[in-house]
Each structure stands twice: as structure tokens, then as C-alpha cells.
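Put together the whole structure using the sequences plus the hints.
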Amino acid sequence: MRICVVGCGAVGSLFAAHLATLEGEVDVWAYDVVAAHVEAINANGLRLTGRADVLGAVNARTDPREIPPCDYGIVATKAMFTADAIAQTAHLFADGAVCSVQNGVGNEELIAARVERVIRGTTFPAGHVTAPGVVEMDTAGETWIGPFEPRPAGMAEVERLADLLTRGGMPTKALPDARGAQWTKLIFNAASNPLGALTGLTHGRLCELPDARRLISGLVAEGVAVAGALGITLDSDPDQLIDHAAKVAYDHRASMLQDVIARRPTEIEALNGGVVRFGRECGVPTPLHEAIVALIEGVERSWTSQPQMT
Amino acid sequence: MTKRVAIIGAGTIGSLLAGHLGTVCEVSVLTRRAEHAALLNEHGLRVSGKHELTAQLFATADAAELPEFDVGIFACKALDLEASASRLAGRAPGATMMTVQNGLGAEDVLARHGEWPIISAVTFMSGIRHSDCHVEYELDTATWMGPWARTATPYASVLELAALLISSGLEAEPMRDLLPAQWSKLIFNSAINSVAAVTGLPHVALFAREERCDDLGHLVHGLIDEGVAVATAAGVALHDDPWAMNVLAVARGETAHSDYAHRPSMLEDVEAHRLTEVDFITGALVREGARLGIPVPLSTAMYRLVRGREASWSLPGVAVSA
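Protein sequences appear in the order of chains G and D. Under the working numbering, think of the first position of the first sequence as 1, with each following residue one higher. Under the working numbering, think of the first position of the second sequence as 311, with each following residue one higher.
These are computed hints drawn from the structure, not numbers from a lab. There's no promise every hint is true.
As the list claims (entries may be wrong) - Which residues of chain D face chain G? A few of them, derived with a C-beta cut under 8 angstroms, are: (1) 508; (2) 526; (3) 528; (4) 607; (5) 608; (6) 617; (7) 619.
What the hints assert, rightly or not - Just a sample of chain D residues kept apart from chain G, beta carbon distances all over 12 angstroms, derived: (8) 372; (9) 392; (10) 403; (11) 452; (12) 459.
The C-beta atom is built at its ideal place from N, Cα and C for all residues, glycine as well.
Printed below as a string of C-alpha cells:
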């Protein structure tokens, strides 16, 4: 059994390293564009610290032509790189199924444009790269996967992947309809992630401020209305998840905050932009999410188009 | 004829007022820092940019040392007004006072500390403070002023002070009722300052762009529409359309100086990790909306975001350098 992780950053590394613990059963490959990270993984193995203590043997490559055909792909790039990453690697999965574990909505659609059998996925674990070849896992949690309806992988194929991931140390549930899990996380992320980026506050601090917490609830309400109009049953209340995360991930810097600090493009299009797009399709107004998209894009513009002072 | 003017607070606006007025009348300045006062007494106050002049003035950080004056102009930030006004409590009983703070409510703060007739003002001039004794005069737009209704200030006092400002080279426009102008600026400021403070963008053309559906201009327009609805409910017929003010301001920035864009004061506060005036500007609009039953969801969101941003410096969170 061969599995290739496409995009071996923080989240991709959590999947790759855990799967690599199933030695003799799974042969783990990884495609990533960061040469230093790839070289370190090949030289020393892929190490997880923090909430996991794992050293996995992973074959990492910056050139997808050096990777053999695989049974499964796990796409874990940032959402804005999905189209490019799957264009580079689709040939590896001619006989395989590809699962997205990315943030936001719209990634499966992009993967399905290149691959026959697609799995919709949502994952809660998170971390950050502390050095080439080393990822600190700072949030544990579950992963939910299910067939992507327009171009589905078979349920048996989905269940086999869930079983491998679970035995590798990434608890995963196979669901016939994984949209509820995906939208629950989408709403959670779209309501909290950009507020961290816009204010500079960690998740726990954000939730302690009554004003910020009320804004989160306003964003959650818009997202819940869109999910309802799409006929999606959320698998939990995103507002409760926000409060739960404030306890278990108090000091977590949202990935979008990490992006803003590093002045990298954010995933706003796949998160709040996704809520806005689906909201328009089903006629549900999302004025707060629209405002957040405009503000984050404004932040991104401030790094490049800032006029010189006289 | 007004002869003696006291300027309370020598930030950018206070320095521009003191520098210009110092060339036509007797000006004293009350500063927060003694060192600032000493430098002004030693070197005078230089104005560069649109005008080039140096004024000699008397400055002090001790309110008790402030000489008698006929007009006092409170030019401190809205956040410092309470403290500044209390320093002058019981002083200058015959003087007329003017407020130029952003937002709403400055006159009420001042009125708690003395019986002075109050002139309300909003100012559109701007500058860059290069040092304690050098300010650059950037935008030479007018200061609008009018009698504050609650103290029955004679309109003649407004005309007299406006004439004095004009004689010193500044632009001033007296009005019988300032509320329409005050609200125009409040709505404009609430939108522009909060968006700038949250995004880190100076007031660039993007603020007025509405081509793509997620262009920033839509948000700015939505914020302004909320403010206009609140003003209408409050019975205020606006002096200027705040959206037209926005379009004009970015057009001026783009064409007159291609490499220049105004940095709203709340953006400067955010960059310096100071508390902003959001409570007096966007917060004032949100409170008025609640009082009058007008929903202002976008303004409320901006208010909450700026408050969160401020909290990131006072709480052990992660500060984003803009």
C-alpha cells in the first residue's frame, strides 16, 4: 500500500509521520516544494513533537516525477495551492483515491477536475513547522472523511483509509456524508481564524473579550444559515466548539494569524470567501463574512501597495 | 478683539493651531510633558509644508502657570480630554472654549469642568509631527466651527474666532449649526479610521473601489450607509455626503501627490500600539444606533475588531506589527 501526502507542511506532516508508523504495511511518500524540509525528512526522518512523539520514515520529494503510483493521496496544501498541487501530482493517482484534509470549501471540486475518485475530508489536528523535518503538533483531534458526491471514492475505499489513519494514530471516522463535519469546521474556522489575524489575539484571548466573542457568534450565525439552506446537517454546534477550543487551545495562534505575521497570502478565499459564495448560490445574505473577506484582502494589500510617505 | 489664546495639547493639531496663531496673537500652550514645554520656550514652534513660519510662544506643563486667556482651544485627543479639562477646572471663568476632538461628546466632557461658553469644531486639516517643536502642515482643509447649543454660545464669538484663525493663515468656516458637519465627519471618520486601523492600509483609492464584488469600497460604503441612517434617525441633515468625501479624499491623494496617501490617526495609533479613539468615533455611532433603534452591524463589527486589536497590546497575546 502506497500513500502520498501532497503538501507536507504542518498538517501534511502529521498525516505522513503517523501513517509511517504502520511500518511494513504502508509506504509513505510526500510531495512538497520546500527543499530544506524535504532533504531533512529524507536524511533524518519526519519528527513530530508536542502532542505527538513520532519519528516516521517518509520518502519526500520536490519533484513528483520521482514518486511511484499510489493507492491514496492526501492533499494538505494551503487552499490557494490546491489547483497547482493536484495538477503536478494527478498522474500518481490514476488508480487511486485522493482525500482533501484542507481548510475551507472548494478544494474537492478542484481535485475532482483532475482525479476520478475523490474523498471529502476535514481534520482538526494542527501544528507548526519548527525546523526542517520537525513539526510540533499543538492540537490533537479527529478527522472525518467521506465520498465526495460528484466524483466519489467507494465507501469501502474510504473506510480502509479511515482504518489506516486511526491505527497510525490519527483517529478518523468514515462517514457516508462528510459535509456536516466539513461545514462545522468551515464555520468554526471562518468565525475565529480571521479575527485572530485581524486583532493579533490568540484563540483563547479572543474568546475572553465579550465584544470579540459576540462578533464570532454573528459570523457563526451567518454560516449556520448558509449550511441550513444547503440542506447540510452540522454535526455539532460551532459556537460550542469555539468555547471548547478556547479551553483546549487557549494559546493557539490561528493559522491565518501566523500567515499575517509572516506576510503570506491567507486562505480567506476558501474560508469566508466560501461561505459568501455558497451563500450567494442559495440566496442567504452574509454581510459580516463579506466584510471580513474585504478586510483580510485589505491587510494583504497593505504589504504590497503601501504608498511611500513624502 | 481676541488677543490671548491658550492651546491645550500640542500634538499635531494643537501645534498647527499654536504655530499659526502665534504669528497674529499672544499664544500660550499647555503641554503634557515639561520637557516639551521647555523645548518650545527655547526654540519656538516651526511650521513647514504648506506654510513656512516659526512662532514664539509661552509653553508650560503646569496649568497653574498658564497666563490669563480669552479663548482656550482643547486640541488633545478625545481620550485625554477628561484629564486635560480637569486641569483647567475653575480657571479662566471669562474665557470661551473650543473643542476639536474627533467623534461625539467632547463638549459634554468639557462642560462638566466649567461654565465656559463652548464652540464645537471639527477640523479637516492634517499634519505630520516631526518633533516637539516642528510640525509639517499637510492638508490645508478647513476647520468648521459653530456654537454649542447647550451653552448658548453667542454666534459672534464663533465669527470672531474664525476670523482670527483665517488671519493667521488657517482655513476656517463658521456655521450657525455645526451638527450637520460634525455628523458628516463622524460618519466619514468612523468608516475610514476603523478600516485603516484593522487593515493597516492608509486612505488609498481601494477605499472607494467597488468594481469587484469583494472590493474594499463596498465595506466602506456599507459603513457609511449605516452612519447616514443613524444621522437621519437623529434628525440631522448632513452637511456633506460622507461617501463623496471619501471619493474626493482618495482622488486628491492619488492625483495631487501620486506617492502620498493620508494615514488616518487610528492607523497611527495602532502602529504605535496606543489606544485609539474608536470609542468616541465608531463607538459613538454604534451607541447612537442602539439608542435610536437603527441596526449598525458592520460598524459594530469594526468597533469590535479595533477593540480586539487594542487588547492584543494590553493582554499577553500576539501583537501584529502593521
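Any hints this thing doesn't respect? Which numbers, in order?
Violated hints: none at all, because every hint is consistent with the structure.
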